[in-house]
Each structure stands twice: as C-alpha cells, then as structure tokens.
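Participant: Construct the entire structure; sequences and hints are all you get.
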Amino acid sequence: MTGVRVLVGTRKGAFVLTSDAKRRDWTVSGPHFAGWEIYHVKGSPVNPDRIYASQTSGWFGQVIQRSEDGGASWDTVGNDFTYDGVPGEHQWYDGSLRPWAFTRVWHLEPSQHDAETVFAGVEDAALFKSTDGGTAWTELSGLRKHDTGPQWQPGAGGMCLHTVIEHPSDPDRLYVAISAAGAFRSADGGETWQPINKGLRSGEIPDQDSEVGHCVHRIAMHPSNPDVLYMQKHWDVMRSKDGGDSWQEVSGNLPTDFGFPIGVHAHEPETVYVVPIKSDSEHFPPEGKLRVYRSRTGGDEWEALTKGLPQENCYVNVLRDAMAVDSLDECGVYFGTTGGQVYGSADAGDNWAPIVRDLPAVLSVEVQTLP
Amino acid sequence: MSGPVRVVLPAHLRTIARVDGEVQLDVEGAVTQRSVLDALEERYPALKGTIRDQQTQKRRSFVRFFACEDDLSHDEPDAALPDPVAAGTEPFLVVGAMAGG
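Note that the protein sequences, when read in sequence, are chains A and B. By the count of this note's numbering, the first sequence reaches residue 371 at its end, each step adding exactly one. By the count of this note's numbering, the second sequence reaches residue 472 at its end, each step adding exactly one.
If you're looking for bench data, these hints aren't it; they were derived computationally from the structure. The C-beta atom is built at its ideal place from N, Cα and C for all residues, glycine as well. Heads up, a few of these hints could be off.
If the Cβ cut is set under 10 angstroms, some of the chain B residues that face chain A in the computed set are [claimed, not checked]: (1) H383; (2) L384; (3) A401; (4) L418; (5) G420; (6) Q426; (7) R431; (8) S432; (9) L464; (10) G467; (11) A468.
Facilitator: Rendered as structure tokens:
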C-alpha cells in the first residue's frame, strides 16, 4: 500500500501515524516507550522497515531502540557512547571550562548509502557512527577534537549535535550542526572537519563573524542540488550555494527570522519551509498565529501558509527536528508542536489539518514514504 | 545460608529488561552492590547504562538503592549488602529517585 508513516518523538513516548497516499485518514499507534523522552525516531532510507529511536530519561540515561518491522516491535541495541580518549573541556555558560560529558542522543541519522550504518548526534556535542545497525558505536572524534572545540559552548537547550546530513552521492562528505558551535563539514567520512560558518553573523557572541560560536538550529539540503544548503540559525534564515563555504541571509520578508526547523520540498529544491517564532525568549508564533512560511525562490520571498492552522491564541513552539516532508507526487509536509499537535499538509503546505491534537510535547517528526 | 538474590526494579527498567515482578539472581562470591549489578547486567544486557554509568560504573544520580528499610545508595559498591539480601529473604530495591517530571 502506498502511503506514509510519520514517526513522532515526544516528551513522554513515541507515536507512529500511518495513512494511505491520500493522507486523510490516520491510524495512531503508541505511546511506544511510554514515559520516556523520545528525542528522535528515524527510519533507514535503504530499509524502511528498520527504524531507530533515541529513548532517554533523566533517571535511567540513554537507550537506543531498533525496529525491524516498521515500528510494530522494538529491541534495545547499543547504548555505550564513550568519547574517544580523554574528553577535554568546552566552554560553559559562565565562561568557565567544563569536561565533555555524554547526556543524550538528539538525532539518529540512518545512512542513505548503507542499511547497517547509522550516525548519532549527541549532547555534549559529538558524532558517533555505527556500522552494525546500532549495536556498537564509535566516535568520529576528529570533530570534537577540532582546534576550536574548547571554544564551543552550549545553547539554552544544551550543547547538542542535532543535524547530520550525508551528501547524496559522496558518502565521505558529511555535514553536521551544533548548538552553539555552528556548522561543520567533512570530506573524508568524518575523520577531519572544517567549520563552515562564513557569512553567519550572531549578535549573541562578541565577534559576530567568529569562525565558531554560532547557534545553528537546523540545516537542510535537497538531494538534487547538494551544493545548496539552507539554515535556520538562532536568528536569521541563511542559504549557501557553495556547500557551506559561504552563507547569505535569505530571511527576506519573514515576520521574524527566529525559528528552529527548516525543510525543503521533496521535488522542488528551491521550495523551502520555516516556522517563524517571535524571539529567542518568546518561543511562540508572532501574534499568536501559527504560520508556516514557504519560499519558492530558495528564500528571500516568503508566503504565509495559514489554512487549517490556528490563527489566534496559539502559543506553541516547533522544535528543530519536528518538521519533515514526504516524497509522494504531491509533497506532504508535517510538523509537531510543543502543545502536542501534529499537523499535516498533503498539498505542499496550502492546506493543513491536525493528525493528532493532544500528544505530549513533540520533540521530533520524521516521515517515511512507503512504496 | 544464601539463596538467589532478589532484585526489585522500577517499572521502566522492568519494561526495558522485559521482566515481570522480582528478578532472582545467583551471585558468585560476596554479595555487594557491584556483584549484584554485574549479575543483573549480565542477565539483562539492556540494563547496561541505565543504573550505572557505563564508563565510571557509578550509580546514576537519580537512581537509589534500598534494602531492609535502609538507603544504601551512598555505600561503597564493594561493601557487603545486608545478610537478608544475601540470603534472599529481603530484596535489593533499585528505585527511581523522586525528582519530578
């Protein structure tokens, strides 16, 4: 059956939402791992029946779950995220140095090149890789050991590595983003890294043009045009046309350029989605109106998408991993809110409807398009 | 006299380990926090890292160990557990601390 499977991570469990290609009638399963924080759930692009979940708890630490049957059943896999060597120190909020310490996995990125390979972005910021389906994890420590590492500092949500992007044709080329260190690129499969933050300007750091220290919230790429990257920074929506060598601001006519997620249409590499949030302290939509903004020009010119979304008294947030697109002929767009709603659009954002309204706060949303 | 050591896990860890009710463990040698938890993790590898940090082997901050109405959380991991725990007449309790949430 052609359809979609929406994988939702929340503060108190995971949910799987499934529908046929019409995306009108939904089946909800869950909560899976009830009571645990599920930071991310994502399926393998190579083997969609294989899904990973990051299950975490302030009491009992980190667990990684893996499903081999599309989320119907789950087994624990490896959860030993030991940093390579002596971890070293990074900046703390008060300017003091603090040792790197593992807290949780924010993001799991199953490889698009190999069904057994999966990456994990963790807090405190580091990148881990497994080549056996999540059983054993090895740190790609060239990232954390970059010369700038001691200058990295946590954003308000913790010093997390939250974005991992593989180049669609070159498995050695990787991009990651860290709050609040910035974006980094590797050309050798993660052995060595270079910061790619030229053109970012951040008023929250003393040198606005610093090589690192920028609070990058999300990066997105369209596989047909991998030299173009889109970024939602703390403030500012940015675009790079040269694989991250330089960035230009494309916030254009957005009502506010603060926000967390950014996504790209499945079939139109210049169609981009953001959810503007009022400010760094007021984490809710401006004017209480929940609006997704879409640009069909790779940024700069944005239109508000409002049909089916609450246009009064709405004060939820949409977190960085909580927006995704499907790849059906008419691209579906999905996002989840801290108020527990998951909204979907089956027509590229023109019309929206809630799939579920009353989940725990949504941390992440991913979509699988099923053949 | 010693019998199997009885361990009571909090609900979330029973789910992870896929057990109902108490766990009974045969513990080799001295019955201590370390030997009991080693035996527990050997039987249920999914519990590794959920009670003790995998690197330091220290108790996670929001996990407590109780037995015989005493809080043993701050005892040395190699200290002998109370005789009734070693004998299997009283359980060793792994408890999630009260911490809101």
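Participant: Now, for every hint given, state plainly whether the structure supports it.
Facilitator: Verification of the supplied hints:
The closest approach between the C-beta of H383 (chain B) and any C-beta of chain A is roughly 6 angstroms, which is under the 10 angstroms cut-off, so the hint is satisfied. With a cut of 10 angstroms, the hint placing L384 (chain B) at the interface with chain A holds, because the nearest CB-to-CB distance is about 6 angstroms. Given hint, A401 (chain B) at the interface with chain A, is violated; its Cβ is 26 angstroms from that chain's nearest Cβ, farther than 10 angstroms. Interface hint at L418 (chain B): satisfied, since its Cβ lies 9 angstroms from the closest Cβ of chain A, which is below the 10 angstroms cut-off.
Look at G420 (chain B): its Cβ gets to within about 5 angstroms of chain A, closer than 10 angstroms, so that hint holds up. Annotation: Q426 (chain B) was flagged as interfacial toward chain A, and the flag holds, the nearest CB pair being 6 angstroms apart, inside 10 angstroms. Evaluation of the R431 (chain B) hint against chain A yields a held restraint, the C-beta minimum of about 6 angstroms falling below 10 angstroms. Below 10 angstroms, beta-carbon pairs count as interface contacts, and S432 (chain B) has one with chain A at about 8 angstroms; its hint therefore holds.
Interface restraint check: L464 (chain B) against chain A, minimum CB-CB distance 14 angstroms, threshold 10 angstroms, status violated. The beta carbon of G467 (chain B) is positioned within 10 angstroms of a beta carbon in chain A (closest approach about 4 angstroms), and the interface hint is therefore held. Interface hint status for A468 (chain B): upheld, as the beta-carbon distance to the closest one in chain A is roughly 7 angstroms, under 10 angstroms.
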